[in-house]
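First to last, the protein sequences are chains U and W. If you're matching positions, the first sequence starts at 1 in the numbering used here and goes up one per residue. If you're matching positions, the second sequence starts at 1001 in the numbering used here and goes up one per residue.
It is worth saying that the hints were derived from the structure and are not from the lab. Quantities reported herein were computed from a predicted structural model and do not represent experimental measurements. It cannot be assumed that every hint is accurate.
Which bits of chain W does chain U cover? Going by a derived footprint, with three or more residues having C-beta under 8 angstroms, they are [as the list claims (entries may be wrong)]: (1) 1073 to 1082; (2) 1085 to 1097; (3) 1103 to 1110; (4) 1117 to 1128.
C-beta: ideal position from N, C-alpha, C; glycine also.
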Amino acid sequence: MNKIGLPIAVGCFALVPFFAGDFYINLGSQMMIAAIFALSLNLLAGYGGLTTLGHAAFLGLSAYFVAWLTTRLGLSHATAALLSIVGTTICAALFGLIALRASGLGFLMITLALSQVLWGLAYRWVSVTNGDNGMTGVTRPMPFGFSIESASAFYWFALTVTTIAFAMIAIFVTSAFGASLKGTRDQSRRMAALGYNVWLIRWITFIYAGFWAGVAGILYVYYNKYIHPSSLSITSSAEGLLGVIAGGSGTLVGPVVGSILVTFLKNYVSSYIDRWNMLLGFVFMFIVIMMPNGIVPGVRRLARHFKGTHR
Amino acid sequence: MTIQDGSYALELIRLNKAFAGLPVTQDVSMIVRPGERRLLLGPNGAGKTTLFNQITGEIQPKSGQIKLFGRDITKLKPHQRAHLGLSRTYQIITLFPQDTLEHNVALGLLGLMPSRWDLLRPMSRDILVEARRVLGLVGLGDLADWPISDIAYGEKRRVEIAMALAQKPKVLLLDEPLAGLSAAERSTIKKLIAEIPREVSVVMIEHDMDTALDLAETITLLHYGKVIIDGTRDAVIADERAREVYLGH
């Protein structure tokens, strides 16, 4: 996606509320929240070669922060959002210190374990989190005095945040630092020998990914006005990873396409088919077999093939 | 304090390393003067690459000291050593296969620049221009836009060297730069190595004797992790033990 493609795509998405019903508008909002989450996860799994199964910890943590700070402490939305994002980013920095002692499977297991700790806390620390009942009573903010109570207003709010997230992440991965990050994914030994501090590159990326997962978490709790421990469970992390892999990990647009697909199957098709999980499995298998690199690289390859420019 | 030490580009002092009890480096000492061309010889398993890995910091010696221009670098991380002017190539090609030749060499350049931490802007134009210039030096200027996966093995060997040369190292470690090459490709690479500027010290592991002996000024012969002989090329070739351990094997 280039400098022309992004405004066109955003423009098209912005028109959706004019001809779609509330159900579809809300579906769109959920897709965008999932997309920000998948974009942040893709920084690690796709560009860094660091597959994590605990990324939902940051989404859930920031959502809990907002819920707790606004409903229990009565802080304003702006303060709560700011504290939440700072707290989540600090947590990502700490988790990164622990998880990045390993890479590959070890890294995956540590991220999983750390996220399970937070999930356990959300379940058991009832006095703070209200346990299995979840936290209710979260309200939506009024950014710049505009109400985002209606489905379409929230949709446009989410679209604005998603666009900023997409642009910021695009700048990050195309930067000189992004080139270094991809290098550490492909040849970490060589990168160290060339003068790159591989560990620090990964840690910075981990923190940045945690930050954007936190942003997704804030949108998530505003949208649902409710937060439950399941949002930081392994299922939630795995769904994000599914979106990244299905869409095309290590590509910019892939995670967006993938999370649109996963959200669609989960929230739309599930109302027609009871065993939607099975369908999700079949769709995923189809993608993995037909387009092992994901939908976006797969479609690109097909397009090249038909244009006859395939090398 | 000791100015004397500074006269060596690289100095290894009684290095020891063992893998699971098996000694792979035993009391290895070696000096390399600025601009020297040193050949590291030894049969397979003599511990040559292991020694390289200790010099670059990928593995830590159990005991001993490594000095670069008089500075103790034994405890430094590989990336820190690179910033002090140490560069290497790999016996097994270690490139970025999806990326273009230009990008590969550019990564070598970027690694030593502060702009590698730039989170907002892509690699500068200057880096790419310089990468192409270096590719031109190794005769690959025309292939700069090709991905590594699409070029021939011999060309990849040249990219390995180009990446290291682009960093303008003070000490360059070449790990079997001729491995697996045809006669024609070997002479290309040999010429490349011969043209490396004299201010660079070169330590080379190589089994192709015709080429290696032409390039070398000094030779260190390793056997079972020990230095058997160390001296000028002619002295080592004339040495009876060299024939036994290496040439007669």
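Tested hints:
Against chain U, the region 1073 to 1082 of chain W contributes 4 residues with a C-beta closer than 8 angstroms to a partner C-beta. That satisfies the three-residue criterion, and the hint holds. Here's how the region 1085 to 1097 of chain W fares: 7 of its residues keep a CB closer than 8 angstroms to some CB of chain U, so the rule of at least three is met and the hint holds. Counting residues of the region 1103 to 1110 of chain W whose beta carbon lies closer than 8 angstroms to any beta carbon of chain U gives 5, which reaches the threshold of three, so the coverage claim holds. Under a criterion of three residues with beta carbons nearer than 8 angstroms to beta carbons of chain U, the stated coverage of the region 1117 to 1128 of chain W is upheld, 8 such residues being counted.
Consistency note: the structure conflicts with none of the earlier hints.
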